[in-house]
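Input sequences plus hints: build the corresponding full structure.
Be aware that the sequence shown starts at 28, since it is given in the numbering used here, and climbs by one per residue.
It should be emphasised that the hints constitute simulated quantities derived from the structure, not laboratory data.
Treat the hints with care, since some could be wrong.
Stated by the list, open to error - Per label pair, the in silico range of CB-to-CB distance:
1) G107 x G237: 46 to 54 Å
2) D111 x A267: 41 to 49 Å
3) S266 x R203: 31 to 39 Å
4) G274 x T82: 41 to 49 Å
5) G198 x G67: 46 to 54 Å
6) G248 x S210: 23 to 31 Å
What you are looking at is a predicted structure, and each value in this text was computed from that prediction instead of being measured.
Heads up, the beta-carbon is just placed ideally off N, CA and C, and yes, glycines get one too.
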Amino acid sequence: MRLLLSNDDGVTAPGLQILYETLKDLGEVVVVAPDRDHSGASNALTLSRPLYPQTLANGFHSVDGTPTDCVHLAVNGLFGEEFDRIVSGINTHANLGDDVLYSGTVAAAVEGRFLAGTAIAVSLVNEGREHYDTAARVVRWLLEQRQADTLPPRTILNINVPDRPWSDLQGVRVTRLGHRSRSGLPQKVICPRGKERYWIGAAGAGDDAGPGTDFHAVEEGCVSITPIQVDMTRYDAFSAATDWSEGLLK
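The structure is reproduced here in structure tokens:
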């Protein structure tokens, strides 16, 4: 197995190090991650300047760009040899529901969707206990069982793991994405030069968070595994959209 690891919290993040230590004996494991925190970067690519990959003392590779930049370089010739799959994480906080729209962790996994093995994004629903080892063990279990390889091509698994010891997990559930309520208002601050600045508001609480959702699974102490895809087409809107579009040019 030739694994590519990345994240959005940066190449020195503890979750990435623990993930590497947990998986390194499964085969060749290569780490390519941003040189700093890029949480919320989504699927952004850097197109305005060249990127500068560096090899660090521990063998990890650092890139002065986004999570998507890192995986894009890695799977498109930076190392010459193809990877079997991408594992992105372990993110320092949850990626539930609408979070996947913004998540650099999920974006890194999405960029590896063309690889043979199902892409994996893994996040810890962090409550301050930081049981990254539990999340890493979930990923190792999935890779060893190879069940993910029975899924359709270009599937991405979005995994959220409760922040508790392995022995305290209450099970594993395959879930759908829930939805958050509207985020908090931006917070205005005044900089030392008297200028207005704004902090993006906190994410909204779970709104559509009932049974069957990723929110509900982790609330009950279960690992949530949500298969997602890139296709954002709203198929159930085709009929209505077709009805009004036919009259646009008449």
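Which hints, by number, does the structure contradict? Structure breaks hints 3, 4, 5.
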